[in-house]
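Asks: Spelled out from the first residue to the last, the chains are:
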Amino acid sequence: MIESSFNSSDKKVVLVSSSDENHPPENIIDGNTQTFWMSTGMFPQEFIIRFAEATGIAAVTVDSYNVKHLKIEKNNSPNVSHFESVTEKDFERTEGHLQSNVISLNVNSATHLRFIVTSGDKGCGPGCCGQSLWMKVLRDLQT
Amino acid sequence: MVKLRARCLLAGDAAVGKSSLSHIFYSDGSLFQKNYSMTTGVELLVKSVSIPETNDTVELYILDTPGKDTLVDGCEKMWGEPSLLCLVFDLTNEQSFVNCGGWMERVRAHCQGLHVPGVLVGNKSDLSARREVQASVAREWAQSQGLEYHETSAKEMENCDAPLLSLALAFHSLYQEHRENIQNLSPG
Ligand SMILES: Nc1nc2c(ncn2[C@@H]2O[C@H](COP(=O)(O)OP(=O)(O)OP(=O)(O)O)[C@@H](O)[C@H]2O)c(=O)[nH]1
Ligand SMILES: [Mg+2]
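Each protein sequence line maps, in turn, to chains A and B.
Number 122 in our numbering belongs to position 122 of the first sequence; there are no gaps in the numbering.
Heads up: take any position in the second sequence, counting from 1, add 143, and you land on our numbering.
Please keep in mind that the hints were generated in silico from the structure rather than gathered at the bench.
Treat the hints with care, since some could be wrong.
Unchecked claim - Below, a sample of chain B positions facing chain A; criterion: calculated Cβ distance under 7 angstroms:
| hint | residue |
| --- | --- |
| 1 | Met144 |
| 2 | Val145 |
| 3 | Arg148 |
| 4 | Thr213 |
| 5 | Leu328 |
Glycine residues also receive a C-beta, built at the ideal position from the N, C-alpha and C atoms.
Could you put the whole structure together from the sequences, leaning on the hints where they help?
Replies: Right, dumping it as structure tokens:
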């Protein structure tokens, strides 16, 4: 198993449902813990990561804030279509610090991973609009 | 440049002018309907508002909902998770203003007790001779509820942009606050 940080050139974010130019989608996989992607309102929110070639992925590490429910899907096609479900997870609500989760995927081969946040936490602190979220995929554990 | 999106609930008693206002928002004023046609389901319209002195815009997903009491229960599940509220009453109908308290309670209960920012709109300001609600009274109540107060006339297309701008500004500043909070988070 190789642990790869997501800053390598073999992956990129090819689709994102919204973004703030100060916190663009490239940040999701740049491997830098100081940067992040922020969505700009309303659920669901999603992004798709493309791998340069079909890759096996045992698990991903996801840091986030304001995420309540995350679905992960994959496909094995050159296009961003025909996704099949891999896993779903409910996140615990946090206040003042990030949600940090290692999500096991056990995917033998995928060219795209799609992350869909179907709902977020309301009232996650003062001034929270409950409709935008913070996300970052830090590592994938390749098989 | 940031493009924000917010779900905005348009609520208030029947016949206060919610649909009329939403048509004005949508068409920038060419579509006032004199004849009342009751809204029976939830109608969605999207209105993009630019935030002055920035390149940012807020897309308001406005849900026009029925005010008639027998229809409200059935439609409440389609409210979703609103992040903004536009509560409308009729300036010539005091009862519609009194009922705003009930609307606030309903919205708050729907949102798990959380405060939803937004505006209170007194509509039909063109019918000044029939006015039953004084601006000062309405403004004071709005303040107590954390809402900004505006008076409009959908018929004369007067001041109809003001509540929209208020809503967009409220969401924009919430987003910025949220972003700042997020930048200061500690690792998990
Ligand atoms: N004079 C005047 N009449 C208005 C104004 N706005 C709306 N009306 C009239 O008020 C009536 C009701 O307006 P609607 O917009 O359908 O009211 P609504 O709040 O959507 O009502 P429901 O859908 O039943 O909840 C219509 O006959 C409109 O023409 C206004 O600013 N001035
Ligand atoms: Mg209506």
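Asks: Hint by hint, note whether the structure agrees.
Replies: Each hint, compared with the structure:
1. Interface hint at Met144 (chain B): satisfied, since its Cβ lies 6 angstroms from the closest Cβ of chain A, which is below the 7 angstroms cut-off.
2. The interface hint given for Val145 (chain B) is met, as the beta carbon of that residue sits about 5 angstroms from the closest beta carbon of chain A, less than 7 angstroms.
3. Hint status for Arg148 (chain B): holds, given a least beta-carbon distance of 4 angstroms to chain A, under 7 angstroms.
4. For Thr213 (chain B), the shortest C-beta to C-beta distance to chain A is roughly 29 angstroms, which exceeds 7 angstroms, and the interface hint is violated.
5. With a least beta-carbon distance of about 5 angstroms to chain A, the hint placing Leu328 (chain B) at the interface is held under the 7 angstroms criterion.
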